[in-house]
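Participant: Chains as they are written, first to last, in our numbering: chain A, 1 to 215; chain B, 216 to 768; chain C, 769 to 1093.
Simulated from the structure, these hints should not be mistaken for lab results. Incorrect hints may have been included.
[What the hints assert, rightly or not] One-sided and incomplete, this derived list gives chain C residues near chain B with beta-carbon spacing under 10 Å:
#1 Ala785
#2 Ile817
#3 Ser823
#4 Ala832
#5 Tyr881
#6 Val898
#7 Leu900
#8 Gln902
#9 Asp912
#10 Gly959
#11 Trp976
#12 His1016
In this text the structure is predicted, and so the values were computed from the model without any measurement. All C-beta atoms, glycine included, are put in the ideal place defined by N, C-alpha and C.
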Amino acid sequence: MPETAASALAEQFATPGQQEEAATLGIWAFLSTEILFFGGLFLSYGIYRVTYHNGFAEGSRHLYFWIGTINTFVLLTSSLFMALAVHAIQDGNAKRLRAFLLATFVFGATFLGLKLLEYYLDTGDHLVPWYNFQPNEYSHPYAVKMFLFLYFAMTGLHAVHMTVGLTALTYLYIKARKNTYTESYHTPVKVIGLYWHFVDIVWVFLYPMLYLIGK
Amino acid sequence: MSAATFIEESPTGVEPPRHPKQPDYLHDGYGLKSWLTTHDHKRIGILYLIAITFFFLIGGIAATLMRIELVTPNTDLVTSETYNKLFTLHGVTMVWFFLIPSIPSVLGNFLIPMMIGAKDVAFPRLNLLSWYIFILGGCFTLYSLIAGGVDTGWTFYTPYSTVYSNGHVLAMAAGIFITGFSSIFTGLNFIVTIHTMRAPGMHWFRLPLFVWSMYATSLILVLATPVLAITLALMAVERFTGVGVFNPSMGGDPLLFQHLFWFYSHPAVYIMILPGMGVVSELIACFSRKRIFGYKFVAFASLAIAILGFIVWGHHLFVASQSIYAGLVFSILSFLVSVPSAIKVFNWTATLYKGRIFFHTPMLYALGFIGLFTIGGLSGLALATLAIDMHVHGTYFVIAHFHYIMVGGMLMAYLGGIHFWWPKISGRMYNEKLAQFSAAVIFVGFNLTFFPQFILGYLGMPRRYPAYPPEWQVFHVLSSAGASVLAVGYAIPLCYLIWSFFFGRPAPQNPWNASGLEWTHALSPPIRTNFEEIPIVTKEAYDYPYPETPNRA
Amino acid sequence: MNLLAFDLPFVPKQASAQAGQVDAIFFAITVLSALLCVLLFVAITYCLIRYRSKSNADRTMSMAGHNLVEVVWSVIPMLIFIGLFIWGAIVYVEARNPPKNALTVYVVGLQWYWDIEHEEGPHEIGELHVPLNQPVRLVMTSQDVIHDFYVPAFRTKMDVVPGKYTEEWFTPIEPGRFRVFCNQYCGTKHGQMTAWIDVMKPQDYQAWLVGAGANTESIVQTGARLFRAHNCSSCHDDNSQVAAPDLHNIYGRQVPLSDGTFVTADDEYLRDSILTPAAQVVAGYKSIMPVYKGQISEPDIMAIIAYIKSLTPTPSASRPTSNQP
């Protein structure tokens, strides 16, 4: 990645504006791919939620509602910091950019930490469908098992995306410390910011689907 | 080789300098490393060309073995188990490692930046990464082949693939999953490139129709491929862990897999045919010396196909216990998606009218495409008809139908495109007479191979059978005989094209006197950045000036 | 209605009432397609010859497009397509809805053979005997993977899917032996999963029934035996102490469920209730029935359902809802 705004223009582009337009369109196209990637899971969830209405609600009641709720707030807060980070560099304030990136990272990492804790507790509760699931404890064992499978698949895929996001944030932070981004050149911040918000929005859908349907 | 190889008429565009300051892209850096680390879209196109040719050979060998096995009604050359692995290998390599990347990744990569007047694609490093992802996916697939093969068929229907199959399903699914991201990134790159990298004056309606069709293709690549990825991932997880959403013995629905699979795989059919239509539009225009009839209709037909293609997947499930009402809806939609295809065929025909027609090799392939695609498309109408599908679904009728589209259509267009742009790619000419001869061989061999399969299908011959009732042998023998002709037809171009790459006569900049920017403004072969300076476009596509003028030859 | 009651070349024998109708549509599409191909190829050939590069043909007034022409060649095919769709749909809808008087045969697909049970008793493997001119309804499921019951001479097929019942019906109109293929890839010996259908004159069929069914119990008797063997009777019998729903007169009726909804007690519901009882519990009962998933084979479940069906005296007016998702 080029180090300064002047050399940041790649060979194939004629103007910095063209380059930024390409990057922005690229990330939106990528996010539309991501929507359909998650879409397969959301569709499976939707179909079986209708088929096994009560079983899914039963399964939902076995999840850690409080962790899911706290995590929702944690992740929304991290998204706020991400938005502030983009805002800061648009004003040319590299110092605040670094601070907000760090805050985003901390909240994102907290989310992942809590998620891992939840997985650990889930395992202790015999909720892992391919490992220690106890069908006899439930009145809808097959439906609960499928719910838990989808729970792990969806939150697991989300966690993978979070990990990618945290890696990207680390990259941004390192670059930001070298003062790579300026008021006129900060496309990577915007692009990774969009990705981060997308991962956040996915969780906004996952939270009610997984934690609230049994309430 | 005679001078008739070239269309010797006055040039249609501006001649660039004869003595460029830069070396051409083939000589801009030497050695393996310069190729494997290249960001040049043209070199990446060549890398794809080599890779997919390799996979085409593997898929072709599998097909050959199957056709030899089917010469006799009994299972004698290979066991049932091997036969099942052969058709799986044939399907997987041909669909994901040859047809889907063929025109998009080879010709699309090579041509799109040049056609729109750009130095490269928008994300050259991502472009190279796509190739490496493709190779990585290919390695997984090859591993599953070497480790003993997979016998699920390329469709991976559950619960066979998740519970009952003993093959290396995980490795092959991983290979396809990984390769899917190569498709996604290529499609993404093309969308962004076409949107943002067009040269000054290159309006949307000045774009060559190849670019329009690649744009439509890219939309499908970006929006359909992720669904395949998640579906195969769910299938693999279910196979690996024993829990999942498709297993009926655990409350799952195997039909859900089929819906998700075909939600990708039907649009994937259009990934395979739309680029071919784009190539044929270029060839017909060039060798008729005429603007394509109804340019906007042909352009929008590509988009219509891409969009409608997303809502017809259910016609693969007419007899899969899908509801009758769903069957009715998907049937009518399937009829409607054939309208834009018909529009294209009619417009190509109308383009020939009052043109000035040259019969060079690419044109022969284009004409072959129109004929075979028409037959394939019309047989698709029979399949979209619910009552007939109840009879011929899953039989050789379907096999014949989609091979007319995929091989008769896409492969013809691919070969036509390779021949058309070969002077640009390699800077060399091939032997025109030999090329015309091999085009004819392929045409004859193709029809002999696949036409009998229509008859077999209507007689009731099911797919994926290594053995069959003896009364059908005559059609199988015809088909196998045709396959051997077809194999010869493919071998000839492979030989003379490789020969010409090293020893062929140097090609002029515009041997066909064609109108695209890649011919009028770039040398053969082009320099690394395609153009000495970015062209400014002032004319429509296919600006052939003289269909009305009397013959000057 | 049989529009094409004669033998065509390259067409299998028309051995069912539906076969002629399918062939008629196919014939129509083939003629239309051939016509279009000839027109198109003649037009192309004409252009290729007349406007070859060396010819001096008149090329003035050439056009780069014409909106009216585009509309014409879009709309006319579309109208033809809609006509074909309607024709095909009519035949298809009929072919998916068996008549009330159809003879029911239970078919289970297994790797790699067909297990066939007649309502009257005979049990066959790889061979199905049916009477001439009598509508026959196959109720099908699979013990393992997806299969497909395909009879080319009858022009019909339907996937046989594990975990649900699908159905297929036909009226044989030709006596003789006809091939059955498994038409959905099902594993190593998929290519050997074939069977025969024997279409017999009614009197021959009766004779065969007596001979084949002499030393077997009917499917209802089998079901009754299994009903006791799996201890269903200890709860569901009239004089049982345990509160379980009475199974008399329930087949084809609306049943209230504990979540307030209603469900039709068809084959599919009965099957689900045996395998995973807790999913849809009848209102007023506790969910205490054991799960039979993995305990009973598919043919046995079919027999038990046939027995439960026999507890509802009048011929059932409802069909299994095989087309439910």
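Participant: Hint by hint, say whether it matches the structure.
Facilitator: Each hint tested on the structure:
no.	hint	result
1	Ala785	violated, 13 Å
2	Ile817	holds, 9 Å
3	Ser823	holds, 7 Å
4	Ala832	holds, 5 Å
5	Tyr881	violated, 15 Å
6	Val898	violated, 18 Å
7	Leu900	violated, 21 Å
8	Gln902	violated, 20 Å
9	Asp912	holds, 6 Å
10	Gly959	holds, 4 Å
11	Trp976	violated, 25 Å
12	His1016	violated, 29 Å
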